[in-house]
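Colleague: Starting from the known structure of chain U, arrange chain P on it as the hints suggest.
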Amino acid sequence: MAYAPHISQPVSVRAVMLKVLAALVPGIVAYVWFFGPAILVQIAIASLTALAAEALMLRLRGKPVLLFVTDGSALVTAWLVALTFPPIVPWWLTVTAILIAIVIAKHLYGGLGQNPFNPAMVAFCAMIVAYPQLMSQWPRAEMNTFEPMLRAIFSSDRQLDAIVMATPLDALRTILRDPEQRATIAGILGSHATFGNIGGRGWEWVAAGYLVGGLWLLQQRVITWHVPVAFAVTLAVIATGFNIANPERFVGANFHLFTGGAMLGAFFIATDPVSGSTTPLGKIIFAAGAALLTWIIRSFGAYPDGMAFAILLMNLFVPLIDMHTQPRVFGHRRKSET
Amino acid sequence: MLELFAFPGGVKPDSHKEESARTPIVPAPLPPLLVVPFRQSATGGVDIRVQAGEQVLKGQCIGSAEGPFGTCVHAPTSGKVVAIESRTLPHPSALAAPCAIIEADGTETWRERVPLDPYATDPAQLRARIREAGIVGLGGAVFPSHVKMNARIDTLVINGAECEPWITCDDRLMRERAPTIVAGAAIIAHLMGAKRILIGIEDNKPDAAAAMRAAVAAVGQGEMQVISVPTRYPAGGEKQLIRVLTGIEIPYGKLGPDFGVQCFNVGTAHAVARAVLHDEPLITRVVTLAGNYVRPGNVEAPIGTPIDALLALGEPKADTDRIVMGGPMMGFVLPDTSLPVVKATNCLLAMSPTLFPPSPPEMPCIRCGACTRVCPMVLQPHELYWHARAKNFGKAQEYHLFDCIECGCCAYVCPAHIPLVDYYRFAKAEIRAREREKAAADRARERYEFRKFREERDKAEKAARLAAKAAETKAKLAQEGAEAVIAAAQSRAHAEEKDSS
Numbered sequence: 001m002a003y004a005p006h007i008s009q010p011v012s013v014r015a016v017m018l019k020v021l022a023a024l025v026p027g028i029v030a031y032v033w034f035f036g037p038a039i040l041v042q043i044a045i046a047s048l049t050a051l052a053a054e055a056l057m058l059r060l061r062g063k064p065v066l067l068f069v070t071d072g073s074a075l076v077t078a079w080l081v082a083l084t085f086p087p088i089v090p091w092w093l094t095v096t097a098i099l100i101a102i103v104i105a106k107h108l109y110g111g112l113g114q115n116p117f118n119p120a121m122v123a124f125c126a127m128i129v130a131y132p133q134l135m136s137q138w139p140r141a142e143m144n145t146f147e148p149m150l151r152a153i154f155s156s157d158r159q160l161d162a163i164v165m166a167t168p169l170d171a172l173r174t175i176l177r178d179p180e181q182r183a184t185i186a187g188i189l190g191s192h193a194t195f196g197n198i199g200g201r202g203w204e205w206v207a208a209g210y211l212v213g214g215l216w217l218l219q220q221r222v223i224t225w226h227v228p229v230a231f232a233v234t235l236a237v238i239a240t241g242f243n244i245a246n247p248e249r250f251v252g253a254n255f256h257l258f259t260g261g262a263m264l265g266a267f268f269i270a271t272d273p274v275s276g277s278t279t280p281l282g283k284i285i286f287a288a289g290a291a292l293l294t295w296i297i298r299s300f301g302a303y304p305d306g307m308a309f310a311i312l313l314m315n316l317f318v319p320l321i322d323m324h325t326q327p328r329v330f331g332h333r334r335k336s337e338t
Numbered sequence: 001m002l003e004l005f006a007f008p009g010g011v012k013p014d015s016h017k018e019e020s021a022r023t024p025i026v027p028a029p030l031p032p033l034l035v036v037p038f039r040q041s042a043t044g045g046v047d048i049r050v051q052a053g054e055q056v057l058k059g060q061c062i063g064s065a066e067g068p069f070g071t072c073v074h075a076p077t078s079g080k081v082v083a084i085e086s087r088t089l090p091h092p093s094a095l096a097a098p099c100a101i102i103e104a105d106g107t108e109t110w111r112e113r114v115p116l117d118p119y120a121t122d123p124a125q126l127r128a129r130i131r132e133a134g135i136v137g138l139g140g141a142v143f144p145s146h147v148k149m150n151a152r153i154d155t156l157v158i159n160g161a162e163c164e165p166w167i168t169c170d171d172r173l174m175r176e177r178a179p180t181i182v183a184g185a186a187i188i189a190h191l192m193g194a195k196r197i198l199i200g201i202e203d204n205k206p207d208a209a210a211a212m213r214a215a216v217a218a219v220g221q222g223e224m225q226v227i228s229v230p231t232r233y234p235a236g237g238e239k240q241l242i243r244v245l246t247g248i249e250i251p252y253g254k255l256g257p258d259f260g261v262q263c264f265n266v267g268t269a270h271a272v273a274r275a276v277l278h279d280e281p282l283i284t285r286v287v288t289l290a291g292n293y294v295r296p297g298n299v300e301a302p303i304g305t306p307i308d309a310l311l312a313l314g315e316p317k318a319d320t321d322r323i324v325m326g327g328p329m330m331g332f333v334l335p336d337t338s339l340p341v342v343k344a345t346n347c348l349l350a351m352s353p354t355l356f357p358p359s360p361p362e363m364p365c366i367r368c369g370a371c372t373r374v375c376p377m378v379l380q381p382h383e384l385y386w387h388a389r390a391k392n393f394g395k396a397q398e399y400h401l402f403d404c405i406e407c408g409c410c411a412y413v414c415p416a417h418i419p420l421v422d423y424y425r426f427a428k429a430e431i432r433a434r435e436r437e438k439a440a441a442d443r444a445r446e447r448y449e450f451r452k453f454r455e456e457r458d459k460a461e462k463a464a465r466l467a468a469k470a471a472e473t474k475a476k477l478a479q480e481g482a483e484a485v486i487a488a489a490q491s492r493a494h495a496e497e498k499d500s501s
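These protein sequence lines are chains U and P, in that order. The numbering of the first sequence is my numbering, which starts it at 1 and goes up by one. The numbering of the second sequence is my numbering, which starts it at 1 and goes up by one.
Keep in mind that the hints were calculated from the coordinates and are not lab data. Predicted model, so just to flag it, every value in this text is computed and none were measured. Ideal placement from N, C-alpha and C gives every residue a C-beta, glycine not left out. A hint or two may mislead.
To be verified - Which residues of chain P face chain U? A partial, calculated answer using Cβ under 8 Å:
#1 Lys-195
#2 Tyr-252
#3 Leu-255
#4 Ala-318
#5 Thr-320
#6 Val-324
#7 Pro-328
#8 Met-329
#9 Pro-353
#10 Ile-366
#11 Cys-368
#12 Val-378
#13 Leu-379
#14 Ala-411
#15 Val-413
#16 Phe-453
One chain only, chain U, in its complex shape:
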């Protein structure tokens, strides 16, 4: 017999996941516009692999396959993997990454809702450690280079010189850390073809696309303001502070927000409810911590972008954060005795 309540809102896990996918579309459109349709090929590879891996794991775990395969969660993971990886990584790298995300990071921890780490970020970190070179080959913006990019994905004969260029974060880091260059940040940003108006050329528009999609998710109440606002504000404040203190060494807030994974991370990755904090204050601490770690890794670390590592590190703190940020229960005093 069914018990109360006997009515429910017409919401579902699938609807939530489909909204997240829809919100990624503006960013993907900008991506295709500036970097060609190769990313769509990667999204397709990632999606198919994710659905197959999901179905296989559900079968092995004795779960209802159709119900869970169609919940959309595997597709969200697949799209985030594709969007955080260079669009010209070989197909097998994408496949391996998805298998790591779906099989290890998701299902071996108990499947949907049970994973303590963000699966897409686990895959990213595993791949950047295992294949640092492949993971740092990014295409140039504004070149119709679909054919060589397609060859890069599917052929073992990768002739990339014509299409590859360092990402803005990578370029900035390399130049700044080379004492021979004696470059200033203003000089670098102004002169180099990698950089656009505020972030990386092309990438700033992709980030703007993610921003638009993310704001729509906010409006749809799929996510709350806490994570994106705390992430962006923290990153902006730290970047601005250091930029003012030492403009020769530290780049400003706009650049940080509109390059690399910052915007995608703020709206789509740090907001992952399963691996993130669930209390309002906890979300703020989680996102602020992720932003701080991102900035530290970007500014001092061995990898150009720190988003993925920052998220995984903060995932570790989630139980602790949740435990200490419980809101005041109705009628109780704040430091209520338990």
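Modeller: Below, chain P alone, put in the same frame as chain U:
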């Protein structure tokens, strides 16, 4: 203008009030046979005062209140008690309890009625009248009202919010009988020493609010106000309404009077006025027939009327597959529609698969936090679910499981369609069962230890008694022995004297 406070969380389901609120309350026809449970509230005890075969008058007390929580039970009509037997109650537990089966004689002959002037009556006597009238909370919780009235307060809150979708019995009652409700509220306020009366009505019932305002204006009661509160479920929850009207938050384990406030439903206030001013005990109540009916509406039914008889008045449509007692957020599916109307029967919601589609399959919790945003008690429903599911009851209590009012907001918004409230009810029941077991074990241990102590004490006492007795005997023997020796010696001496003489 009174400053209103917001309560946290809440949801806004479609109210569906119009269908049943359109028409006036109609009296239900007197059924030939009534089944009156002697147990009308979860806490109250009753002493059965009639026997099978006895004639009863309308309003006659057939079960007198027992214990501090007991309230009287009355014959809803005149007739003959044909049997006293155990019947299933319309309660989520579906437990059986003794009921009086009354055959109506159709004459509706009242017992003698003695109206009271509440303002010239001793408060204790007034409270006794309310208890003898069998008045319990008519919002659905049926808690004995006289218990709640045993306190002094500043503010009396009258609950006309009626936040559950579909239910309109309070709405109609306020529209049609506002003066009686206002009189009842004034009596309660007088009894409890309240300085002001705040009547809260959700703003989706403008007609009810207007009728109540007119009634308040007519009596010119000084500190009585009708206040429209924003429509948001569960605004009619006692704690939520008190919060909205006064800003006071009553935590779990505390009562309104601890904060100088108490809350009664409009139906309860109405019943108090009828009981005091007309000496009519609580023998009828207004029941909403809403949902899948041909003729939805409200009926005033004698307690004990078979639910089937009321359903016939509304005529459930052909595809009706179940009847819920209460509203869609907190009501329960009746196992059987032949059960009687009780004081808690505020609504009989007819359900069909099209009107109330079954819940889609349950998915795992994705910690999306939708539940935490709607919880009016600011709990973490997903954490409670997690711990309840793992039977980690200690942890569930740490997360304030017992603060949960089971309003159902969390389950209503859950995208994974998890029946969250079921998990909380399960955890609460388990914890209570364990506490009972522990208490029983404690009592058994105490009994055992006391028995051992008693046995040992008895043994020791017995030993002491025996020892004392032995000593006594010995002493006696010794004394007797001595006396005998003396006597013997004396007799010998006598004999010698005789011999020598």
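Colleague: Decide, hint by hint, whether the structure agrees.
Modeller: For each hint, the structure was consulted:
| no. | hint | verdict |
| --- | --- | --- |
| 1 | Lys-195 | 23 Å, violated |
| 2 | Tyr-252 | 7 Å, holds |
| 3 | Leu-255 | 12 Å, violated |
| 4 | Ala-318 | 20 Å, violated |
| 5 | Thr-320 | 13 Å, violated |
| 6 | Val-324 | 6 Å, holds |
| 7 | Pro-328 | 4 Å, holds |
| 8 | Met-329 | 5 Å, holds |
| 9 | Pro-353 | 11 Å, violated |
| 10 | Ile-366 | 5 Å, holds |
| 11 | Cys-368 | 5 Å, holds |
| 12 | Val-378 | 5 Å, holds |
| 13 | Leu-379 | 6 Å, holds |
| 14 | Ala-411 | 5 Å, holds |
| 15 | Val-413 | 5 Å, holds |
| 16 | Phe-453 | 36 Å, violated |
Checked against the numbered hints given earlier, the structure breaks hints 1, 3, 4, 5, 9 and 16 and satisfies all the rest.
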